[in-house]
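Now for the letters of each chain:
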Amino acid sequence: MTEPVLQTRGLVKSFGALRASDGITLDLRPGEIHAVIGPNGAGKSTLIKQLSGNIAPDEGTVHFLGRDVTALSTMARARMGLARTFQVSALAMEDTVLQNAVLGALGAMSSPYRFFRPALKRAELRGRATAALERMGLAGHAATVVSELSHGQRRQLEVAVALTLQPRAFLMDEPMAGLGGEGSKQLTGILDRLRAEAPILLIEHDMDAVFALADRISVLVYGRIIATGTVEEIRRSPEVRDAYLGDAS
Amino acid sequence: MTPILIAEQVLNGLQSGVMLFLMAAGLTLIFGVMGLINLAHGSLYMVGAFAAAATAVATGSFLLALVAALAAAAAAGALVERLVIRRLYDRDHLDQVLATFALILIFSEGTRWIFGSFPLYLDIPQALSGPVTLPGGIQYPLYRLFLIGMGLVVAALLFWLIACTRLGIRIRAGENDREMIAALGVDIARLYTLVFALGAALAGLAGALVGAIQSVQVGMGEPVLILAFVVIVIGGIGSIEGALVGALLVGLTDTLGGIFLPQLLALFMEPAAATQTGAALASMAIYVLMAAVLVWRPTGLFGARA
Amino acid sequence: MSREGLLNAAVLLALGLVPLAAHVMGEPFTITLATRAAILALAAVGLNIALGIGGLVSLGHATFFGIGGYAMGILASHVQDYEPLFEWPFLFEGSTSMPLIWLLAVLASALAALLIGLLALRTSGVYFIMITLAFGQMFYFFSISWSRYGGEDGLSIYVRNGFPGLNTLDPIQFFGLCYAVLCLVLLGARLLARSPFGLALGAARQSPDRVQAVGLDPKRLQLVGFVVSGAITGLAGALFADLNRFVSPTMFSWQTSGEIMVFIILGGVGRLFGPVVGAGVFVMLEHWLGDMSEFWHIWLGLLLLAVVLFARGGLVGLLAGRGRAHD
Chain P
1 MTEPVLQTRG LVKSFGALRA SDGITLDLRP GEIHAVIGPN GAGKSTLIKQ LSGNIAPDEG
61 TVHFLGRDVT ALSTMARARM GLARTFQVSA LAMEDTVLQN AVLGALGAMS SPYRFFRPAL
121 KRAELRGRAT AALERMGLAG HAATVVSELS HGQRRQLEVA VALTLQPRAF LMDEPMAGLG
181 GEGSKQLTGI LDRLRAEAPI LLIEHDMDAV FALADRISVL VYGRIIATGT VEEIRRSPEV
241 RDAYLGDAS
Chain G
1 MTPILIAEQV LNGLQSGVML FLMAAGLTLI FGVMGLINLA HGSLYMVGAF AAAATAVATG
61 SFLLALVAAL AAAAAAGALV ERLVIRRLYD RDHLDQVLAT FALILIFSEG TRWIFGSFPL
121 YLDIPQALSG PVTLPGGIQY PLYRLFLIGM GLVVAALLFW LIACTRLGIR IRAGENDREM
181 IAALGVDIAR LYTLVFALGA ALAGLAGALV GAIQSVQVGM GEPVLILAFV VIVIGGIGSI
241 EGALVGALLV GLTDTLGGIF LPQLLALFME PAAATQTGAA LASMAIYVLM AAVLVWRPTG
301 LFGARA
Chain C
1 MSREGLLNAA VLLALGLVPL AAHVMGEPFT ITLATRAAIL ALAAVGLNIA LGIGGLVSLG
61 HATFFGIGGY AMGILASHVQ DYEPLFEWPF LFEGSTSMPL IWLLAVLASA LAALLIGLLA
121 LRTSGVYFIM ITLAFGQMFY FFSISWSRYG GEDGLSIYVR NGFPGLNTLD PIQFFGLCYA
181 VLCLVLLGAR LLARSPFGLA LGAARQSPDR VQAVGLDPKR LQLVGFVVSG AITGLAGALF
241 ADLNRFVSPT MFSWQTSGEI MVFIILGGVG RLFGPVVGAG VFVMLEHWLG DMSEFWHIWL
301 GLLLLAVVLF ARGGLVGLLA GRGRAHD
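Residue numbers (the UniProt record's numbering), protein chains in the order written: chain P, 1 to 249; chain G, 1 to 306; chain C, 1 to 327.
Hints were generated in silico from the structure; no laboratory data involved. Hints may contain errors.
Stated by the list, open to error - Cross-link-like lysine to aspartate or glutamate pairs, in silico, DMTMM-like; alpha carbons within 20 Å at most:
no., chain 1, residue 1, chain 2, residue 2
1, P, Lys49, C, Glu286
2, P, Lys185, P, Glu134
3, P, Lys49, C, Asp217
What the hints assert, rightly or not - Just the calculated beta-carbon pair ranges, DEER-fashion:
no., chain 1, residue 1, chain 2, residue 2, range
4, G, Gly149, C, Phe92, 30 to 40 Å
5, G, Gly130, C, Tyr82, 46 to 56 Å
6, C, Tyr82, G, Gln126, 32 to 42 Å
7, P, Met93, C, Ser293, 52 to 62 Å
8, G, Ile169, C, Arg3, 52 to 62 Å
9, C, Thr250, G, Leu83, 25 to 35 Å
A quick note: this is a predicted structure, and the numbers were derived from the prediction, not measured. In this text, a Cβ means the ideal position worked out from N, Cα and C, and glycines have one as well.
Using the sequences and the hints, build the whole thing.
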């Protein structure tokens with residue numbers, strides 16, 4: 001079996017009396033889309049923040065590319081190639097699409113402390129940014145200011161910025177949030193092709209997308225993973241039916 | 001250095017601390033409830049002092065002067081809130097800073113226009129003047145004791161107001177969740193005017209009380225305002241307890257530092273150099289205190305942890 | 001050229017031509033006013049890097065303005081008094097050479113900005129405003145109590161410092177020098193705004209989460225921006241001291257911090273020429289309104305209030321329309 005790209009062991013995180021993560025162990029293997037689903041309040045956001053490094057777990061470890069990154073900052077993990085998209089778009093709204101993508105390229109090349117030649121005239125940055133935009137079908141909007149983009153285009157730009165990092169793994173926090181049927185279908189197609197490049201840990205509410213994309217699904221309830229398996233296994237799992245439907249059968 | 005001197009300086013520090021608390025409490029309340037940074041709070045302090053001085057000249061009554069200070073500052077606060085401040089609640093901090101900076105210019109120049117550039121003097125009332133002898137043989141000005149007492153009484157009233165009254169419940173609710181109290185049918189606009197006027201009244205009272213031991217002049221409010229900011233940074237924004245603890249810390253550090261640092265340095269240096277260096281260092285003491293708190297707890301002693 | 005570009009060129013041209021005309025007509029006072037405007041504009045161009053690009057509402061930029069001023073005052077006063085500044089490890093008698101004074105002013109204010117920034121950037125939002133204001137006040141009180149350099153009374157310098165090849169006592173030549181510095185710094189600020197650093201700093205203001213997620217440290221970007229910003233304002237302080245041949249604690253006062261910020265708002269936040277327009281308008285108002293009424297600050301206050309409440313793009317915004325350039 002190939003070594004997992006991203007792996008957690010026994011993650012515990014409490015807020016007061018609430019155990020938002022209660023011993024979470026999961027892994028993300030090369031080439032797969034691993035979806036984490038669960039009802040509201042199950043602790044999905046807390047999990048992704050521990051993976052990205054925004055909050056530190058009380059117990060347990062996170063390994064990325066075989067290295068223990070539990071104590072590393074968000075920035076350090078991003079530089080190693082862990083690319084994150086946000087549930088609520090976190091983009092520089094006054095800047096253009098191209099400028100946002102160039103920001104990603106800047107981060108990837110760790111070269112922000114250059115003060116003279118314009119960022120957009122630097123071939124290495126611009127090339128990387130444009131390539132990512134083209135893959136997301138945003139090349140025609142390069143000069144558009146982000147605040148004038150549609151919601152769906154912003155979701156695509158989120159992924160494009162992540163792509164500029166040439167990541168080794170993606171963390172995607174509800175990329176389909178707020179998308180209509182058509183937009184959702186389009187993004188599903190894009191993510192489907194992306195998995196060959198780097199595996200995706202996908203947190204998502206849109207079950208159509210999850211069932212269409214996921215190689216494996218983990219179900220998170222009250223901070224615990226109650227089941228992990230293929231789409232079919234999860235569909236049939238009595239624990240999952242129980243948790244979701246309150247179905248005692 | 002005698003114990004009596006130390007006790008006197010501690011009392012002085014307490015006195016300046018409780019007066020700072022009156023300023024800082026209003027500021028922190030206004031920030032906590034409305035999310036507004038108000039640079040013009042020092043102007044309300046000045047309004048209170050001028051109202052008190054003018055009333056004392058006209059009536060000869062110190063009590064009436066205090067009442068006038070409270071009323072004038074509260075009225076000025078409510079007026080400014082209605083005309084300007086309420087347009088700033090959903091603006092960013094930069095707009096708030098600039099608009100309230102503009103208010104300082106208007107208040108200061110307006111006051112200079114009415115009262116002229118020369119300082120006014122507010123006399124300590126007969127009944128409160130002169131020294132008293134405290135246990136241990138300490139001679140201490142009665143009026144300063146009165147200030148400490150007043151400050152503590154007002155602080156206690158404020159804590160009671162926040163903890164036990166309906167207004168207090170609404171204020172605390174407003175700090176937590178604005179939409180919620182609006183949904184519960186509380187008139188937000190009126191609550192905000194009330195909170196702002198309350199903060200203004202506290203500032204005005206402090207201005208009048210301190211005005212009797214310093215001169216009443218244009219520009220008197222801003223140094224106090226900046227000290228109150230230091231208090232809030234130390235105590236934590238939005239916390240009344242933090243404002244009290246921070247104010248006492250700043251008052252004591254400032255007073256004791258000014259007296260003892262030169263004496264401390266005199267142990268190592270020539271007297272003249274010690275006096276000079278000591279004074280220079282003492283003027284920085286509270287900022288060093290603030291820096292230390294920032295390193296230790298960036299959100300202040302009583303602030304919510306980020 | 002865009003409308004804003006035309007406006008900028010017109011402003012720069014006017015600021016250059018008015019003193020020349022005044023020189024020809026023999027009105028040195030107008031030249032002094034223009035010099036004052038150019039220097040204050042320079043101070044505000046500095047603040048605009050922290051404020052306009054980085055979103056750092058610093059209410060303590062008088063600190064750097066004052067440090068620049070005192071750098072000039074201290075260096076020149078030692079020469080004036082024939083009292084070496086220090087004798088160990090080498091003899092240093094002070095200096096009346098502008099390039100050296102500028103260099104030391106820039107280094108000293110950058111160092112101060114680094115220390116204040118390290119502390120103030122542990123927080124954000126209103127804390128940042130209050131802390132920068134408080135440290136400004138600390139320097140103000142320190143300068144008052146530092147009697148070696150004049151204390152409350154300030155320090156008069158009877159010489160004007162020299163610049164190689166120029167007669168700096170001639171108002172028009174001194175103006176030309178200040179104008180050249182302003183133009184160079186404006187060019188630098190324009191490059192900086194479009195550089196990788198400017199892009200990243202602007203993103204750190206708009207979305208710090210995003211900046212972190214691409215592996216950059218928003219606090220460090222802001223710190224560097226704050227230091228660059230403070231250094232430029234410090235340079236302006238040194239020039240201001242030379243213009244007046246006088247430094248005093250007033251340079252450190254909170255009003256000075258407020259005024260530097262006011263220039264930016266009058267002109268337009270985040271606009272390259274906002275500070276220049278704002279400082280120019282401020283100096284004109286100060287001159288004309290100050291002549292008409294002793295209480296001209298009331299009118300300044302009302303104008304400022306009107307701009308903040310109703311014209312958020314400042315004067316450049318009014319004249320050139322909203323929106324920024326994105327090239």
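Evaluated hints:
no.: 1; hint: P:Lys49 with C:Glu286; in the structure: violated (53 Å)
no.: 2; hint: P:Lys185 with P:Glu134; in the structure: holds (19 Å)
no.: 3; hint: P:Lys49 with C:Asp217; in the structure: holds (17 Å)
no.: 4; hint: G:Gly149 with C:Phe92: 30 to 40 Å; in the structure: violated (56 Å)
no.: 5; hint: G:Gly130 with C:Tyr82: 46 to 56 Å; in the structure: holds (54 Å)
no.: 6; hint: C:Tyr82 with G:Gln126: 32 to 42 Å; in the structure: violated (58 Å)
no.: 7; hint: P:Met93 with C:Ser293: 52 to 62 Å; in the structure: violated (43 Å)
no.: 8; hint: G:Ile169 with C:Arg3: 52 to 62 Å; in the structure: holds (54 Å)
no.: 9; hint: C:Thr250 with G:Leu83: 25 to 35 Å; in the structure: holds (31 Å)
The earlier numbered hints that this structure contradicts are 1, 4, 6, 7.
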